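Q: These protein sequence lines map, in sequence, to chains R and A.
Each residue of the first sequence is one higher than the one before, counting from 1 in full-length UniProt numbering.
Each residue of the second sequence is one higher than the one before, counting from 1 in full-length UniProt numbering.
In case anyone wonders, no lab produced these hints; they're calculated from the structure.
All figures in this text were calculated on a predicted structure; none of them were measured in a lab.
Any given hint might turn out to be false.
[Claimed, not checked] Under the rule of at most 30 Å between Cα atoms (straight-line distance), these lysine-lysine pairs were calculated in the DSBU-like manner: (1) K99/A x K86/A; (2) K74/R x K100/R; (3) K100/R x K86/A; (4) K29/R x K216/R; (5) K99/A x K29/R; (6) K86/A x K74/R; (7) K29/R x K74/R; (8) K29/R x K100/R.
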Amino acid sequence: MVGGVFHSVADRYDLMNDFMSGTLHRLWKDEFVSMLGPVESPDPSDPVRYLDMAGGTGDISFRIAEALRSRSGKPVAAEIVVSDINPSMLGVGEQRARSKGLLDGRGLPAMSFVEADAEALPFESDTFDSYTIAFGIRNVTHVDRALAEAFRVLRPGGRFMCLEFSRVRNPVLAAAYDAYSFNVIPAVGQAVTGDRDSYQYLVESIRQFPNQEAFKGMIEDAGFVSARSRDMTFGVVAIHSGFKPMED
Amino acid sequence: MIHSRGMIRAVRRCLPAWARAGRPLRSAAAAPNWAEFGRSLTEQAAGHRDEEDLFHDPELAILDEALDYVEEHGWTRAAISAGAQKLGYPPLSHGMFEKGDFALVRHAMRRATEAMASQLEAMPLEAMTGDERIIAGVRARLEHLAPFVSSGSWAKAMALGALPQHALDTSTELGVTVDELWYLAGDRSADASWYSRRGLLLGVFASTELYMLSDTSEGFSDTWEFLRRRVADVSLLGSRAGSAGDVAAAFGSGLSSLAGGAFSLARPFVEAQKGHHSEAVHSALGSLGSVAELFREAVADAAAGRAPGTSASRRTADEPAEAASGAGAAGGAQGEAAAPSDDARKRDSAPAGEGTGDEAGASDGAAADRA
C-alpha cells in the first residue's frame, strides 16, 4: 500500500508538500534539524553517523549536510546514511543530491543511499549517533518494531528524533484543521498529482496515528530516556525526541 | 529538567522578603531546621551547593566544560558538544539541553552570580557602606565575565539573551543577581521599596554591563568609575523613589537599554541568526503560550478569591531555607494586608508570586510567638 502510494507521487512530492502546508513543512524541517544540531567528530577516524530513515527525497539529510558543510573545504568527520523502503523516492533523492553538488564530498559529509525497511534495518547494532525520521513513522506498519530497530542501531547516548503529524489540541483550530484536511487536501492532490486516493490516505493516516502523549509512551517503551515532544503550529506536527541510555 | 532545584531556589530568591520568610516558617513547623534560622541566603545556598555536590551533576559539568570552548565555537551547541565529548559523552548529547545554545549563556550568568556572592561573602562587609557593597558586588559579577567581554563574545551572549524566546529567562537571571546583591548589601526591606530598589539596581547593572562591552581601558578602570558614579546617582534617587511610576521607569529603562544595547553591539551576530528564524518564530509562539498560561492562572486565582500565583500548579515542594529577617517580614506582611490590590498587581509582575497575604499574616504570628 505505502509503496504504491509513494511511487505515484514521488516526483511531485515536494510541490505537493508546499501546496498542502503552505510551505510550512520547510520551516518544520528546518526546526527539526536545528533541534538535532548536527556536529562533526573531532576524530576523523570515528565520524559522527547520522541515519535518516524514510528520508527518500533528502529533505532532512540535505539540511544535515548543509549544517555540517565546512567553509574551508576541509573534510567533515561525519557520515549520513539516507534510507527509504521505496526505491523510487530514494532515486529522486540521490538525483537531487547530485544536482545540488552534495555528493562531491569536498567539505561535506559522506552521503550514501540504502534501500531499507524500518522494521528490519540492514545495519549493525550500536553504529549510529542519530536516527531521524520525518513524516515517515506514520507509514510503518508496526511502529513498535521500527522503534525497537532504531534503538538497536543507535549507539549508547545516541538520539532518536521524529517529526510527525500530531494532534491539534485547541478544539476550534482542530475543527478548522479537519475541515481543511478532508476537503481541501484530497482535492488539491487530485489537481496537482492526479491522485486523490494517496492524499485521502494521508489525511486518514494522520488521524489514526497516536497523539503526542501516546507516542511519547511508545518511545519510552522502546527503551529511550529523556523522551519529550514539542508541538509546532498548534500541534499540526510535533517533534519527538529520546536518547538511548549510556552504558554504566 | 535542568537545574530544577536550582531554579526553585532562584525563583524563591526573587520573592520579597515576606514571601520568602513565610514559606520556611510553615515547613519548619513540620520539620524544624533551626540551623538554617537566621542564616543569610548565600550562606544557605553555599550549604546546599555542597550537599548537591555539583561535580556529580553531568549537565552542570558539561556546561562548565563547554565554557572553555566558547572562544573557539561561540555560544553554540557546538561548544556544548565539545564540552560533552571532552567528558566522554556522545557528540549529540547537547540535545539534552532544551534551551540549546542559550543554556550555555544562562549557565555563564549563574556562575557569575555565584562567584559574585561568594566573593562578597569573603569581604569584610560590616566595615563597608551599602554603596561600597553594591559596587563591590556588581564589579565581582562583571569581572567574572571579563574574559568573555574582552574577547567580544559577551556581547553576543547578551544578544542571545535578549531574543524574545529567551527574554523571560534572562530577566529571571538578572532578577536573581540584583536580589542577591541587595540582600548581601544588607537590604531587608519588605515594603514597596523592595521593588524600587531592585528596579534601580537593575538599571545600574544593565548600564554598567553595556558600558563595559565597549570599554577598552586598562583593567576596565573606566567601567568601575562609571559604576561608582551610577551608584552614587542611585543612592540619591533611592531615598526618594517610591511611586510606582518611578519603579516602572527604572525597570523599563534597565531592560530596554539592555536589549537595545546588546542588539546593536552584536548586530552582525544577530544577522547570522536570521537563518534560525523558524526557531525564533516557534519559540516566540511558545513563550506567548506560557504567558497566556500565567494570565489564565491569574484570572482563575482572582475568580477563586485567592491572591495571584497561589494556584496549586505553581506550588513547589520546597527545601528548608532561610527564615531570617522575621521582624522585617512581619512588618511587610502587615503592609501587604493594608493595601492588597496594589501590591497584588505588583507581585504579578514580579518573576514569580508565592504565598498569600493570609499565609504571610499567619507566619507573622508565628514569628511573633518565637520572638
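Q: Each hint needs a verdict: does it hold in this structure or not?
A: Cross-check of the supplied hints:
{"no.": "1", "hint": "K99/A x K86/A", "verdict": "21 Å, holds"}
{"no.": "2", "hint": "K74/R x K100/R", "verdict": "19 Å, holds"}
{"no.": "3", "hint": "K100/R x K86/A", "verdict": "35 Å, violated"}
{"no.": "4", "hint": "K29/R x K216/R", "verdict": "20 Å, holds"}
{"no.": "5", "hint": "K99/A x K29/R", "verdict": "18 Å, holds"}
{"no.": "6", "hint": "K86/A x K74/R", "verdict": "22 Å, holds"}
{"no.": "7", "hint": "K29/R x K74/R", "verdict": "27 Å, holds"}
{"no.": "8", "hint": "K29/R x K100/R", "verdict": "18 Å, holds"}
Of the numbered hints given earlier, the model fails hint 3 alone.
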